[in-house]
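Full structure from sequences and hints, please.
Number of protein chains: 2
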Amino acid sequence: MAAAPTAKRTRMSAEDRREQVLDAAVAAFAEGGYTGTTTDQVARLAGVSQPYVVRMFGTKQALFLAAHQRVMERLSTEFAAAAEPGAGEENLHLIAAAYVRLIADRDVLRVMQHGFTLGADPVLGPAMRASLIAVVRQIRQLSGTSIERARDFLAQGMLINTLVALQLAEHEGDDPEAAALVACVLEPKGF
Amino acid sequence: MAAAPTAKRTRMSAEDRREQVLDAAVAAFAEGGYTGTTTDQVARLAGVSQPYVVRMFGTKQALFLAAHQRVMERLSTEFAAAAEPGAGEENLHLIAAAYVRLIADRDVLRVMQHGFTLGADPVLGPAMRASLIAVVRQIRQLSGTSIERARDFLAQGMLINTLVALQLAEHEGDDPEAAALVACVLEPKGF
DNA sequence: GTCTATACCAAGATAGAC
DNA sequence: GTCTATCTTGGTATAGAC
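If you read the protein sequences in the order shown, they are chains A and B. Residues in the first sequence are numbered from 1 upward in steps of one, following the working numbering. Residues in the second sequence are numbered from 1001 upward in steps of one, following the working numbering.
Bear in mind the hints are in silico, worked out from the structure with no lab data behind them. Hints may be right or wrong, so weigh each one.
Claimed, not checked - Covered stretches of chain B, going by a simulated chain A footprint (3 or more residues, C-beta under 8 Å):
#: 1; segment: 1033 to 1041
#: 2; segment: 1121 to 1128
To be verified - Okay, the calculated beta carbon distance ranges per label pair:
#: 3; chain 1: A; residue 1: 104; chain 2: B; residue 2: 1146; range: 45 to 53 Å
#: 4; chain 1: B; residue 1: 1011; chain 2: A; residue 2: 182; range: 47 to 55 Å
#: 5; chain 1: B; residue 1: 1044; chain 2: A; residue 2: 11; range: 42 to 50 Å
#: 6; chain 1: A; residue 1: 137; chain 2: B; residue 2: 1011; range: 27 to 35 Å
These numbers were taken from a predicted model, which means no experiment stands behind them. Every residue gets a Cβ at the ideal spot worked out from N, C-alpha and C, and that includes glycine.
This is the structure we're talking about:
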C-alpha cells in the first residue's frame, strides 16, 4: 500500500502526503479545536512545513473541513459495519456499542464535538449542521427507529462526546461522582 | 439599581463596569468560544477599550473563567428555583423544564458547551470538569435520583446544548429530519 | 476609572527557490 | 513536491497619560 517502503521524508506521493497531513490535522484539531489549533501545529505533527500544509488545502478552513469529513466518514463506516441487515430496531444496540467502541480512538469524537460548537461560523456552521443531520438519517435508516428513540440515542452520544472532550475519565481525581458517571456512561445498556 | 441615572459612558462604579464587561464576555464567548473570541471583541461589545478589559481581569483566561462561572451560577440558580423541597425524583421533571426554558437565553448553554471542549487546557480543563461535576451533584441532591437517571438527564441536556450551539433551530433549512429532531428535543417528556 | 499608544509575538498566507 | 523567507495582520498585554 505505502508507495515508498522507506519513508524517505521527502518526495512522497501527493495522495500519501495528503493522508499523512490529514491524520495530523485530525489529531491536532481534536486537541485544540478549530480556532485553537494552528496550521503550524498540524504541519509539525505531520513533519512538513507550515506553508506546505496551507498550499495543499488552500486555507485552514478547508483543512478543517477535510479533517472533519474524514472523522465523520469513519463514524459512518463503523455504524454501517455494526448494523445487521434486517435487524430493525435491534440495530440501535449494535450501533450504540459501535459508538462506545469509538471512544478508544478519542480523536474522532473530539473533532466531532469541536465541530458542534461551530454553528455560528458562516461557512463551517452549515457543514457541521449537515453532518449531524446525516448521522441522524443514517441511524434511522439502519434501525428504522422513531425520532424519539433516535433522539435518545443521540443524547447518549452527545454525553459521551462531552466526557471524552472534557477528558473526565483521565482526570477523575478521586471524585466518586465523576467516577460513577464515567462508569455508567461506558455501559450502553440504555439501548 | 443603576448607580448613575444617565449612563454617562465614563466614570462608572467598578462593580457596575465589571458586570457590564462580564455580560459582554458571556455574549462574545457564546458566539466564538474561548480561542475564537478576542478581548477586543468583548471590549467593543461592552463599549470600553480592550486594554481596560485586560486590566480588569488580568488575562483573557481569567475573563473566560469569570464569564463561565457566571453562566454556571445562573444555571445552578435556575435549577434550585425550579425544584420543590421534598419532591424527590419528581424534581427531575421540574429541573428538566427549567433547562428547556434556558434555551431562550442561548448564551448560557452556548458558553457551557464551549467550556466542555476545553478539557485539554491545563488550567481551564480542570475548572470545566469541576463545573460539570458540580451540576451532576446538584441534580442528584435536588432530586435524590440514581446515577443512571442523572446520566440520562445530562444526556438530554448535552443534546440540547449541541443543537443550540449548532443553531439547528435557526437553520432547519426545509429539512424534515432537522425539524423533527428539534421539535422532539424541545418537549422534555422523557422526564 | 479609563483611555491612547505601543511593544511584542503569533498566525495565515504568499513568493519563489530548489 | 517541498522548503525557506517573508509579508501582513491581528491579538494579548504593558506603560503611562488624563
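Structure versus earlier hints, numbers of those that do not hold, lowest first: Hints 3, 6 not satisfied by this model.
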